[in-house]
Structures are given as C-alpha cells and as structure tokens.
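Keeping the supplied structure of chain A fixed, place chain B upon it in accordance with the hints.
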Amino acid sequence: MILIVLPDIPAEDRLLAQARQGNHDALMQIYESYFPPIYNFIRLRVDDLNVAEDMASEVFVKLVEALRGRNAPQHSLRGWLFRVARNHISDHYGRKRDLTTEALEEWIPASGEYDPETQFMRAADMARTRQALRMLAADQQEVLLLRFSQSLSLQETADIMGRQVSAIKSLQFRAVNTLRQILGEFKVENDNG
Amino acid sequence: MAEQDLLNAFNDCIDRLAAGQSIDECLRRYPQFAAALRTMLETGQQVRAMRVSPVEVAQVQERARYRFEEAVRMTAPRRKPAYPVYHLASLAAAILLISVVILGGAGVMAQASLPGDPLYGVKLFTEKIQVAFDPNLATQFDQRRIDETQQLINTGRTEDVSFRGEVAFVDATHWTVASLRVTISPDTRGAAAVHDGDIVEVQATTTSMGEIIANSVIVLVEKPPTPTPLPTHVPTAFPVTARPTATDTPTITSTPSITPTPSPSLTGTPTAIPTITYTPSPSSTAAPTLTLTPSATACIPTAPAGWVSYQVQPGDSLSRLATSRNITLNQLMAVNCLVDPGFIVAGEELYLPAVQQIGTTPQPTSEGSDNNTNLNDNASDNSGGGDNNSGSGSSNSNDNNDNGDDHGGHGSDG
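Here the protein sequences come in this chain order: A and B.
FYI, our numbering numbers position 42 of the first sequence as 42, with every residue one higher than the one before it.
FYI, our numbering numbers position 282 of the second sequence as 1282, with every residue one higher than the one before it.
Just so you know, these hints were derived from the structure itself, not from any lab.
Take the hints with a grain of salt, since some may be wrong.
Said to hold, decoys possible - Where chain A lies over chain B, by a calculated footprint (3+ residues, C-beta under 8 Å):
| # | segment |
| --- | --- |
| 1 | 1008-1016 |
| 2 | 1031-1043 |
| 3 | 1046-1052 |
| 4 | 1055-1066 |
What the hints assert, rightly or not - If the Cβ cut is set under 8 Å, some of the chain B residues that face chain A in the computed set are:
| # | residue |
| --- | --- |
| 5 | V1072 |
| 6 | T1075 |
| 7 | A1193 |
Built from N, CA and C at the ideal position, the CB exists for glycine as well.
The shape of chain A in the complex, shown without the other chains (with noise of 0.2 Å):
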C-alpha cells in the first residue's frame, strides 16, 4: 500500500484559484486530498503523535491563511504545502535539538522481543528502517521521504527543499548509501547480540 499521488499539474492549479476566490468546495477537496500524504510525511519525521497533528493541522490553516494574502501560492500546490510542513518540522527540530535521540532510545527495539522466525526478521529489519532513518541528517531524511515515500519528481524536491536540482541528485545517493550502511550496521550488531 504505497502512498503515491501522482500530481495532475492543470487539475491542482485549477483547483488552487478556485481555492483563491474562496471556493469552499475546492478549500475542502485540497485538504481531504493533500492531508494524507502531509500528514505521512511529518509523521515519518515527528514520533509525537500529538505533534505531528498539530503541524499537519497548522500546514493547512496556513494555506487557508495565505490564499488570503498575498503571499498566496501561484502553483505548486503539494509544493508548498510541503515546504511549509518541511519548515515546521524544522523549527521543531530546532527547539528541542536533543528530541532526536530521546526518540531513538525509545525507539530501538529489544531484541528479546522478538520470534526467531524468518518472517518476524524482516517485521523487524521494517521497524529498524525507521529506527535507522531518524539516525540520518535532516535533509538526507527529507530528500529520501520525498522521493520515495512521497514520489516527488527530482524537480519538486529541488523546490520544496530549495535546492540545485543537481544538488539533490547527490543528496539522495548519499542518504541511501548512508542508510544502507547504518542497517547494515544493525543487523551485524543483532547477530552478535
């Protein structure tokens, strides 16, 4: 159940100026269409439940706010609503820049836990993928949530995280890299243990 929106660009820009005028029903269709793959997204990043739906709720009051001034989105609907999800998980980072680790302790499995079965290994290699993703640098869990979480175009992602579109192609390559190596570095120590 992968959680793709493949992005239908006249559709969305259409329903963004009606959303301008102040169509209610496009106001409505944006959220029920936009908040789950918001909410995804931040909650991949932000253990606290609580929190995430405070910044995923927060994202779209923004919207609502910003269609009002005139600071309001163009186009690039799901762009920006990324980008202002992607800023709040910043600033939350940023307050409590040691929230990362408590997170993690928690989140690391014990092993004792577990079934010796095959099957129950990889539930667990699926959990430490999370565990081994909060591990990376911020923008290396950005860009890897984007582009395979979210299924954004190299392009898009280039834009939400403001970045070269160059940039971001070594950016992908070195955050899977780094992800592959902290897994494998997990399994080498459950073997062990």
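Showing chain B alone in chain A's frame:
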C-alpha cells in the same frame, strides 16, 4: 564521470520505481551498475514501505478537519467577492442606512422628490443601485420619470427633466413621448434622426406654461423596419406603460447573503472507523478508511470465518500477535492488507483469529463493543509510544503492563 553516471542511473531508477516499474526492470537498463544500484534501490524501497497506519491518518484527518473548516470560516468574509454585486450590496446597505437612520423620514421624502428637489439626487442614486440588483426595475423607474415630469407640468414648475419612451409624431413641432407631449424646437439636438415609433431618451425643460421643451433627443431603440409590427410594438405599448408598478419601494432584501455557509458535503462520517470492528463476516465496512487515502491500493482487509477484530495495544508486535493466534505473520499481513510489519500503531484495528489460547503476555481476550468508544483516547494517550513495538527499558515494560491491565479491565466490562 562514472560516479556521475551512477548518480543519474540511480535517479532514473527512483523515478521508474515511482512509476511502478520493478527494480529488476530498471537494472536491465544499467547492467554496469546493477550490483550497486540493487542495494541502493532496495534500501529506498524500504523507505517507501514505511507508512503511517491508515486508521491513524483517518482519525487525525477527521480531528484536524474542524480546525481547517474553522480557519476557512474565519477568513471567508475577507475573501475577494466572487461577483462585483457584493460591492454594490454593501454600498446599497450604506445608502439605505443613511436615508433611513440619519435622514429619518428624508428617505421617504426622497422617494417623493421631483427633479430640482434637494433629495432628488438621493432618489436617483438609490434607484441606480436597485437596478443593479434587479434590472427589471428599470422600466418601473422609467415610468417614475414620466410621472415626475407630469407632476412638474401640473404644478407649473420649471425644471430640467429626463425621460424615455416611444415617440409618436403629432405634427412638425410636437411629439408624444410615452404619455407626455413634447415640444421640438429647431434647437433640439438629435431631433432629425428620430422616426415615428423609435424609443428615445429626452432631455427637456418644463415650463410654467405646462410645456415640455426638448433640449436633446437620443434614439435608444430604432423602430423595427418590418412592416408588421412586433407584438411589443403597439402604440403606448412601451414596457414602461405596459407594466404598472407593483410596489413603490422595492426592497433590497433579495440580495445574496454575504456570509457563505460551508457545506459539509466532503466530511467523512466519524463513525466509519468503529464500524470496522464488529463485523467478523467478510463485509466491506473497512472501505471508508481506504476512501480517505485515494491512492491506496484495492486491498481491503477482510476477516476470514472465525476471525474477529482486535485493537492493537501498546507493546504489541505483529509477529507476537501472529504467534499467539497460531498463524503466520504472512497470513496476518495478507488479511489486514499490511505491507510493513514493523509499523503498527496502538489503537489500529486488525483482524485476528478468535482467541482459543492466550499467549504468555496479558492481553485482552476480546474486544467488547464498549472498548471501541475508547479508540481515540487510546490513540492519543499512547502517542509517541504507540508505534513502539516494545518497551526497551524496565520503566517502559512497566508502562506497558499498566496499559495492559487497564485494557484488560475494559475487556471484562464488555
């Protein structure tokens, strides 16, 4: 250079995977990088497999919707009006306020005023606004101009007037416009262009002798050239006279309301999630959660015979649940449409075989219907720890046990 090629190949494969291709398909395009690409793409696919429980997404979306709608409501009045008539509506409201509140009876006096009276301008302005709402009123106001002119003549006042109507030639210097007898002089501008039967606007001056001296005439509608007159083309059949006024002061209350009432058409039903719980039969009640994630696959969790719904507790793991019910993890995941065995959230509903033998850990034996009302509470109480597959430290284990006891209590209630 080779590294740059690898970067590009990796990027290309990410896009192809997103479009639904398999890793192998993409590797065939880049055989020289196959080994490196495979590990990287497999790692990437693990990231893709991570997801938040659809139940959690649906619950959060439902809760946050209220805040969103509130924000929409708050900002709605400041939206740019969709129709310029809204501007006129507020303008008209202001004008009416002035005429009614500040001027008191003057508003009514304005209605009765004639050309040259101090309040005549207010009357014309009010009419202009009313016409903006209801163009049909124009004919009614045209008739007023004629009536006003007639009143001026009757009282012998000298004023500049303006009115419209159909022309009927009487003689070289006299016409009838609507019901008024108009004197045309050599100084009257535009008179030469007028034909019998045209509809014209006349700018004129009334005299103390009861004459209406035309200063200028403008043809508004030419008489139709067809020999057979149109149904409307009857002498004195100009709409002004054909339609007597219904009311003297048309109200403005028919203006569209400015505050939009948000339609709740798109909101989901909050009861959709609890209904998943109690249907052990292979019904499709699980569908509502899927509709909220439009791009979700067609997999719909369906309980095989003998399976019941179970609410995930803090500390649960899929593998442990599978073992406790004597099924394989694969079975458990297939029935519940799960792709990521490491990511379940407390409060999530799963289908499990009915309990025959309880595992080593204390678990609620069954989920009574009462428990479902606690679904939201459980999810938020256990926030942060909800997706924890286990407690690592001793304090965590204690917490989990406490929770387990709590839920056990609920279970026995139900």
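In rising order, the numbers of the hints this structure does not comply with: The structure conflicts with hint 7 only, although it agrees with all the remaining ones.
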